[in-house]
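2 protein chains.
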Amino acid sequence: MKISIVGVGLLGGSLALQAKEKGLAEKIIGVDANPANAERALELGIVDEILTLEEAVQTTDLVILATPVDVITRLLPTVLDMAHDESVIMDLGSTKELICKAVENHPRRSQYVAAHPIAGTENSGPDAAFPGLLKRKIMILCEKERSSNYAFEMAVMLSHQMEMRLSFMNAADHDLHLAYVSHLSHISSFALGVTVLDKEKDEKRIFEMAGSGFSSTVRLAKSSPDMWAPIFTQNTQNISSALGAYIRRLQYFKEVIDSQDDAKARDLMNQANEIRRVLQGIDSKLASM
Amino acid sequence: MKISIVGVGLLGGSLALQAKEKGLAEKIIGVDANPANAERALELGIVDEILTLEEAVQTTDLVILATPVDVITRLLPTVLDMAHDESVIMDLGSTKELICKAVENHPRRSQYVAAHPIAGTENSGPDAAFPGLLKRKIMILCEKERSSNYAFEMAVMLSHQMEMRLSFMNAADHDLHLAYVSHLSHISSFALGVTVLDKEKDEKRIFEMAGSGFSSTVRLAKSSPDMWAPIFTQNTQNISSALGAYIRRLQYFKEVIDSQDDAKARDLMNQANEIRRVLQGIDSKLASM
Numbered sequence: 059m060k061i062s063i064v065g066v067g068l069l070g071g072s073l074a075l076q077a078k079e080k081g082l083a084e085k086i087i088g089v090d091a092n093p094a095n096a097e098r099a100l101e102l103g104i105v106d107e108i109l110t111l112e113e114a115v116q117t118t119d120l121v122i123l124a125t126p127v128d129v130i131t132r133l134l135p136t137v138l139d140m141a142h143d144e145s146v147i148m149d150l151g152s153t154k155e156l157i158c159k160a161v162e163n164h165p166r167r168s169q170y171v172a173a174h175p176i177a178g179t180e181n182s183g184p185d186a187a188f189p190g191l192l193k194r195k196i197m198i199l200c201e202k203e204r205s206s207n208y209a210f211e212m213a214v215m216l217s218h219q220m221e222m223r224l225s226f227m228n229a230a231d232h233d234l235h236l237a238y239v240s241h242l243s244h245i246s247s248f249a250l251g252v253t254v255l256d257k258e259k260d261e262k263r264i265f266e267m268a269g270s271g272f273s274s275t276v277r278l279a280k281s282s283p284d285m286w287a288p289i290f291t292q293n294t295q296n297i298s299s300a301l302g303a304y305i306r307r308l309q310y311f312k313e314v315i316d317s318q319d320d321a322k323a324r325d326l327m328n329q330a331n332e333i334r335r336v337l338q339g340i341d342s343k344l345a346s347m
Numbered sequence: 059m060k061i062s063i064v065g066v067g068l069l070g071g072s073l074a075l076q077a078k079e080k081g082l083a084e085k086i087i088g089v090d091a092n093p094a095n096a097e098r099a100l101e102l103g104i105v106d107e108i109l110t111l112e113e114a115v116q117t118t119d120l121v122i123l124a125t126p127v128d129v130i131t132r133l134l135p136t137v138l139d140m141a142h143d144e145s146v147i148m149d150l151g152s153t154k155e156l157i158c159k160a161v162e163n164h165p166r167r168s169q170y171v172a173a174h175p176i177a178g179t180e181n182s183g184p185d186a187a188f189p190g191l192l193k194r195k196i197m198i199l200c201e202k203e204r205s206s207n208y209a210f211e212m213a214v215m216l217s218h219q220m221e222m223r224l225s226f227m228n229a230a231d232h233d234l235h236l237a238y239v240s241h242l243s244h245i246s247s248f249a250l251g252v253t254v255l256d257k258e259k260d261e262k263r264i265f266e267m268a269g270s271g272f273s274s275t276v277r278l279a280k281s282s283p284d285m286w287a288p289i290f291t292q293n294t295q296n297i298s299s300a301l302g303a304y305i306r307r308l309q310y311f312k313e314v315i316d317s318q319d320d321a322k323a324r325d326l327m328n329q330a331n332e333i334r335r336v337l338q339g340i341d342s343k344l345a346s347m
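Residue numbers (this note's numbering), protein chains in the order written: chain A, 59 to 347; chain B, 59 to 347.
Since the hints were derived computationally from the structure, they do not count as laboratory data.
Certain hints may be false.
Treat identical chains as interchangeable: a pair holds within one or across any two.
Stated by the list, open to error - Once the Cα atoms are required to be at most 20 Å apart in a straight line, the calculated DMTMM-like pairs of lysine to aspartate or glutamate come out as:
hint, residue 1, residue 2
1, K202, E266
2, K259, D106
3, K280, D341
4, K60, E107
5, K280, E221
6, K280, D320
7, K322, D256
8, K262, D341
9, K259, E332
10, K280, D325
11, K312, E112
All values reported here derive from a predicted model rather than from experimental measurement.
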């Protein structure tokens, strides 16, 4: 099988590396709008050859779109236009509703599978890619009833080769859920970074006192603007609701602190402590595969 | 030397364990208002004996207060009253201004050293203690000019035995800085936890989709309300300013997202990305000792 990876960054590159480890593809073709990225991916052995999008789509069995979500939305109809009858197209974008909508009436819709692997790090580009990134993570497949059996089974096979666990949901639920458990935590981290960096202008030594708790909370502020700006534009309403709810909680927290209401502060933190159950669940899920 | 640890939880317990490893104390005495904690610390070999506060202070050379900060503020004057002339008293609280104020005119003020080790995990209690917790971390000493040379050198020696790096600052700067790089990130995490847990009431499957990015950002929401409620009360003004600045940033972020202003969103995230410099600094600091 030949696989094309469109966007050879962290996610596309990591998938390519693991596909190679598993002997899944006789050849992996890379496509990237950024020539430096493409060349680097070739140098690192992530892909075997660099082609244009059209050449890649016409000569491979499986095309995986791993670019920012605005680019996926724009490319996907064109890629389906160019595809031959036997090929399968997947995307790995962090939003699903607008991407699915972009091809809902496309005559080749059934050759496409909408996917989102819940995996990533705060780093980006081909140099950030590594073969274990997808292992033990969840692969969400959306609108599976709109894909042909052949295309769907290809996506399932790929996920199994990546040692991922499958989860199925509709695109609207996906975007709502992800706003809360992924997009919101990135924004909370971006804003925390900017707030403390801003304070540093007056208090030069402020970061000398920062420890591992701060690092952990602010880690996602390193994430790529190229990846995240389009997610905000594609999932605006859900993110706005989640962020609004978060701001209201913080305002209430501030009122409680301003009034030095010890009992209410304890109550809030006891509620937050319930997150232990959730974090144990995430850890055991990742460990149990 | 005999050392008393008042509050044998994560921090006091970890210090005791490392002091034992280093052969620093012939005996470590534990004091804890919670008899179950005291017994558990004895069982785990963290301390050699449990005494009352008065017995402990009167028979040891170094008394370390490692309780929540409200308890430190309350106990410290009493402990100085009870101390004999040769003993040194330290506290490890996460706030410093009110604690120092509580003994500013105490006749034995010079026997006391105000300290804050930048170390911790989201877990608490004697079972969470482990000998490496303080290693390679920063020990902040405040108002060092108010401690006698003998007391100050005892604190320096202890820090070296713990393999910690020393930093000196005044109590007001300490509390201001910590509001931004520690207290704020805890609140951002507590509020994130509560926001998503609240949404889970309607969307039962929401946490199925959570990955390592969410875990990292929400980890501090597991922290102890008993430790944190008194910090909010002792550092109210600084925390309120930091939290106010954070809320304003988030509100601006929400406006940018609501108006789908791609350029402004990228600009904000590019600013946040500057945190890479800071995080590299924290990592290399922890690695270089």
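Verification of the supplied hints:
In this homomeric assembly, K202 and E266 come within 20 Å of each other (Cα to Cα) only across copies, at 18 Å, whereas the closest approach inside a single copy is 50 Å. For the homomeric pair K259 and D106, neither the shortest alpha-carbon distance inside one copy (47 Å) nor that between copies (48 Å) is at most 20 Å. Proximity of K280 to D341 under the C-alpha cut-off of 20 Å is restricted to the inter-copy arrangement: shortest distance 14 Å between copies versus 23 Å within a copy. Taking identical chains as interchangeable, the C-alpha atoms of K60 and E107 lie at most 20 Å apart only when both belong to the same chain, with a minimum of 11 Å there against 69 Å between chains.
For the identical chains of this complex, K280 and E221 are neighbours neither inside a copy (27 Å) nor across copies (30 Å), given an alpha-carbon limit of 20 Å. In this assembly of identical chains, K280 and D320 lie within 20 Å of each other by CA distance solely across copies; the values are 18 Å between and 35 Å within a copy. With identical chains, the CA atoms of K322 and D256 are at most 20 Å apart between copies only, with a shortest distance of 17 Å across copies and 30 Å within one. In the homo-oligomer, the alpha carbons of K262 and D341 lie at most 20 Å apart only across protomers (18 Å), although the nearest pairing inside one protomer, at 37 Å, exceeds that limit.
With identical chains, the CA atoms of K259 and E332 are at most 20 Å apart between copies only, with a shortest distance of 13 Å across copies and 37 Å within one. With identical chains, the CA atoms of K280 and D325 are at most 20 Å apart between copies only, with a shortest distance of 13 Å across copies and 32 Å within one. Taking the shortest Cα distances, K312 and E112 never come within 20 Å of each other, neither inside one copy (55 Å) nor across copies (38 Å).
Hints 2, 5, 11, counting from the list given before, are not met by this structure.
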